[in-house]
Every structure is written in C-alpha cells, then in structure tokens.
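As a plain string of letters, each chain reads:
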Amino acid sequence: MGQVAIVTGASRGLGFAIAEKFNRAGAQLIMTGLNKERGKAAAARLDKAVFVQADHGSAADWDRVVETATSRFGRIDTLVANAGITHGTPTAEMSLEEFRSLNRVNLKGCFLGLKACVAAMRLHGQGGSIVLMSSIVGKIGIPGLIHYSAAKGGLRLMAKAAALELGPEKIRVNSLHPGMIRTDMTAPFPEAQMAARIPLRKFGEPDDVANAALFLASSRAQFVTGTELVIDGGWLVQ
Amino acid sequence: MSRKLEGRTIIVTGATKGIGQATCVTLAKEGARIVATGRDAGGGRATHHLVERAGGSCIFVTHDVRHEDEWENVFAQAEKQFGAPVGLVNNAGTFFVKPIAETTEADFDSIYEINVEGTFLGVKHAFRSFAKFRTKGAIVNVSSLMGQVGFPNAIAYCATKGAITAMTKTAAVEGAAMSPKVRVNSLHPGVIWTPMITSTFGDDKALSDAFAADTPLKMIGLPEYMADAICFLISDDAAYVTGAELTADGGRGAD
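From first to last, the protein sequence lines are chains C and F.
With the first letter of the first sequence counted as 1, position 175 gets the number 178 in this note's numbering; the numbers rise by one all the way through.
With the first letter of the second sequence counted as 1, position 159 gets the number 1325 in this note's numbering; the numbers rise by one all the way through.
Next comes chain C alone, as it looks inside the complex:
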C-alpha cells in the first residue's frame, strides 16, 4: 500500500489501530488528534508517520492537516475520518449546546475533512478512498445518544451522496459501522452482560475495525463505493 493516508483521532483506540495497520501495509501517515503529547507519542511508535494536532471541527485546522500531508508526502490517497466524541444524555435533558458540540466534530468535522481531502485528491487525479467512521448507531437507536445518532446517521448518508458525486473521479467513499469494540469509549459498557446480545458472544477488537478500514482503503475494494461495512459480531442482523 504505497499510499499517503490521513487517519483522524489516531492517537488511541480505533484510530491508532487503523494507523498501525496502514503503516504496516506501507502507507505514509498523517495522524491527527486533539492531544498533542499523546499524538506525538503515538506517531513515534510508527514508521513514516507525522502527527498534526487538530480540532476536526475547524476548517482552518483541516487546511493545515492537508497542507502538511501534501508538503511532507506529496499527495493524499486516503482519508479515514475516525475522530469522534461521545457521552450519553437522555433526549429530554440534553442541552442544545451538548448536541451541537458533538455534531460540530463528529458530523461537520467529517464534511470539512472530506471536502479538503477531495480537493487534494483532485490535484493528482488518480482517485482515492475515503472511509467515514459511522457506527451501528447510524442504523439503530441507543437510549441517551440522540446527538451521536444524528452524527452517525448523517455520516452514513454523507458517504452515499459523496460516493455518487465522486464516483466518476474514482474517489470511493464508504462508511464503517463498528458495534461494541474494546476501546476507552466502550469501557463503561459491561461486556459480560452485553456479549449475550451479540451473536459472536464478545466485543470486537480495534484490529477487527482496522482490517475493515484497510480493505476499504485498498485497491482490493476498487469496486466498492457507497456501501456500509458493519463490524458488530452480528448484533444488527437479529
């Protein structure tokens, strides 16, 4: 995979697992995140990887990320828009500010990133691949997560609209829908209890999602666009 990839939210969890997987496959990497120390330490563990501190809800920060990628590595082939935040509140008690601050990063941030990366991909005209990190919450409901539902359902359709618009330029856009994966984000959920609802009877590993992201980003998925890849141990099929 002799490519240049941007992975957002890459200093830990799913993002780091994806960055590591891409790196092993030969990709040069821009890793982004909010926490500079954690991000630099994460990039130092990989080869040909540069960390850029970024607020993903900021268009100016996205410009800086894309500029760094093109000045350091000459081009952009892949974007994995993984960065996201979550916390639960019942709908009736959620403030507009809480709803908006999550969607600024999780929904608008992905649009800004996609737009900036598409402009860079058009410079070389050789297509590209964009993976938007949705969730099973983009397809089913979970109490307390209406803001997260908005973001993840929004990304699901953003990927399809972009896939249609960008298909003629061979820029592929897909959404990934992880279920319960062992990360800091899912640490509060009781696995022993919840696994009973998952056909494969366990939470997934970040590596399971990284494998899926690598497939979608690689040329092996050259005929795959606008689709939804669900990595959930079978949760959604019941």
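Keep in mind the hints are simulated off the structure, nothing from the lab.
From the three backbone atoms N, C-alpha and C, an ideal C-beta is built for every residue, glycine too.
Please note: incorrect hints may appear among the correct ones.
Pulled a few chain F residues facing chain C out of the computed Cβ check, cut under 10 Å [stated by the list, open to error]:
#, residue
1, Thr1269
2, Asp1275
3, Glu1283
4, Phe1296
5, Ile1321
6, Ala1322
7, Tyr1323
8, Ala1325
9, Gly1328
10, Thr1331
11, Thr1334
12, Ala1337
13, Val1350
14, Glu1390
15, Asp1394
16, Phe1398
Assemble chain F onto chain C, guided by the hints.
For chain F alone, coordinates are given in the frame of chain C:
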C-alpha cells in the same frame, strides 16, 4: 364513521406550505386540533384558512425551529389553546443542491441547524410535554428518500436527512421506555411537487412530467399523499409501529 384524531392537539412545523400545509388539512379532517407553525405569517394565514374551510380548528404560531425558546412557546400556546399535544410532526426543513467543493461551511451549518437541530429540539420538547402531561404521544419526523439513499450534489442535505433517520431510532427506543409509551417514526418522501422542489428545479409541467416518468408508479408526488402517510403514523392505526421508516416515493427508492 368516527374520526381517527378527534379532539387531539397536534403540532405541525413548516406548516406554511407544501407537505406541512397539506398535513394540517388532512389531520384536521380527522378531527385533530392543529397547531401550525412556521416562519412565514402569510403562509400561516393561508394554512389557517384552509384548515377552517375543511371544518377544522387551527392556530398558527410564528416559529423558527432553530430557537429553543420558540419551541417552548409553541408547546405553551398549544396547551393553552387546545390542551396538551399528543402529536408532533417535525416537518420543517430546508434544501439545496450544491457540489461538495461549492458547499461552504456556512451552507452546511445553516441546513444542519434547521433540519437536524430543529428536529432534535422538537423531539426533546415533545418528550418533555408528553412526560409532564403523561401523554401517549406520537412523533413523525419528516426525513427524505435522501435520508435512505444518496443523491449526487446533495452531500449536506443527505447528511441532515440521514441524521434524522438515525435520530428517529434513538428517539423510538427512548420513547418506548416512557410511561405512557411514545412512538417515533420517520417518513421518507420521494420527489414531492412542493415549493421546495419547484423553487430549486423550476415550476413547469415538462419538469413534473419528467419526474413522473422517472418514477416507477409514473405519478408526480403530491403533498396530500405525504399527509395521508403522516396521518397513519400519528394515529392509533400505527399503534405497533415505532422506529420505522415509511418511504412514500412512488417506487423511486426501489428502482
């Protein structure tokens, strides 16, 4: 034959034209007391007139769905005039077509605030009202066919309608746990001949014929068809239906 919505207070947003206006008339014919809301007072008067002409009762409340204090006012007016609402039709929305490269951050923010935050605030305040008055309520969120399948040059609109589709699922599971139970469903119109479409693509017969020809049922979508679908979802006919996506598109999505 008894009417399905006799004496029930139902709030309809974006009720000054198009699907919202037609919905007010259809629900009123089934006996609902209509709280029509929207930004355009002239359109509100027209809706008020149409509902009364159909034998129904209606108030119009000026309402920008982006503003939380205005949502509080809509519920307060509804309670005062007709009694606690049992239904909300989150219909208000906006639309534009632009390629990704031309869609500015301000474009994205403006469509997101109306379509996504406006819908969220409606669900939030309906849940609060239903809990306060112990109402067996129902909510219909008007998404779109474009909240189920993609459309080129509509990344922002598709994102907002995908958001509504998914928010409806979480609202449905939260509502199912309330006492009494609250149902929440989404409606997915295809191309419906309303000012939203005609102001974007043009208002002429050749165009509506072209849309009809491109639809498996070879019909142009009318706001009244959407009103009938909303009437089903908001009424007790849909007592076992929650978290569902009702597509009413003449078959476009299946084609």
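Hints versus structure:
A least Cβ separation of about 7 Å between Thr1269 (chain F) and chain C falls short of the 10 Å threshold, and the interface hint therefore holds. For Asp1275 (chain F), the interface hint holds, since its Cβ comes within 10 Å of a Cβ in chain C; the closest pair sits about 7 Å apart. The beta carbon of Glu1283 (chain F) comes within 7 Å of a beta carbon in chain C, closer than 10 Å, and the hint placing it at the interface holds. With its C-beta approaching chain C no nearer than about 9 Å, Phe1296 (chain F) sits inside the 10 Å limit, and its interface hint holds.
For Ile1321 (chain F), the shortest C-beta to C-beta distance to chain C is roughly 4 Å, which falls under 10 Å, so the interface hint holds. The closest approach between the C-beta of Ala1322 (chain F) and any C-beta of chain C is roughly 7 Å, which is under the 10 Å cut-off, so the hint is satisfied. Hint status for Tyr1323 (chain F): holds, given a least beta-carbon distance of 8 Å to chain C, under 10 Å. For Ala1325 (chain F), the interface hint holds, since its Cβ comes within 10 Å of a Cβ in chain C; the closest pair sits about 4 Å apart.
The criterion of a C-beta within 10 Å of any C-beta in chain C is met by Gly1328 (chain F), whose closest approach is roughly 3 Å, and the hint holds. Given the 10 Å rule on beta carbons, the hint for Thr1331 (chain F) holds: about 5 Å separates it from the nearest Cβ of chain C. Evaluation of the Thr1334 (chain F) hint against chain C yields a held restraint, the C-beta minimum of about 8 Å falling below 10 Å. The criterion of a C-beta within 10 Å of any C-beta in chain C is met by Ala1337 (chain F), whose closest approach is roughly 6 Å, and the hint holds.
With a cut of 10 Å, the hint placing Val1350 (chain F) at the interface with chain C holds, because the nearest CB-to-CB distance is about 9 Å. Taking 10 Å as the C-beta contact cut-off toward chain C, the hint placing Glu1390 (chain F) at the interface is violated, the least distance being around 27 Å. Among the interface hints, the one on Asp1394 (chain F) is violated; its C-beta lies about 25 Å from the nearest C-beta in chain C, farther than the 10 Å criterion. Because the smallest distance between the Cβ of Phe1398 (chain F) and any Cβ of chain C comes to about 21 Å, over 10 Å, the interface hint for this residue is violated.
In terms of the numbered hints stated before, the structure departs from hints 14, 15, 16, listed from lowest to highest.
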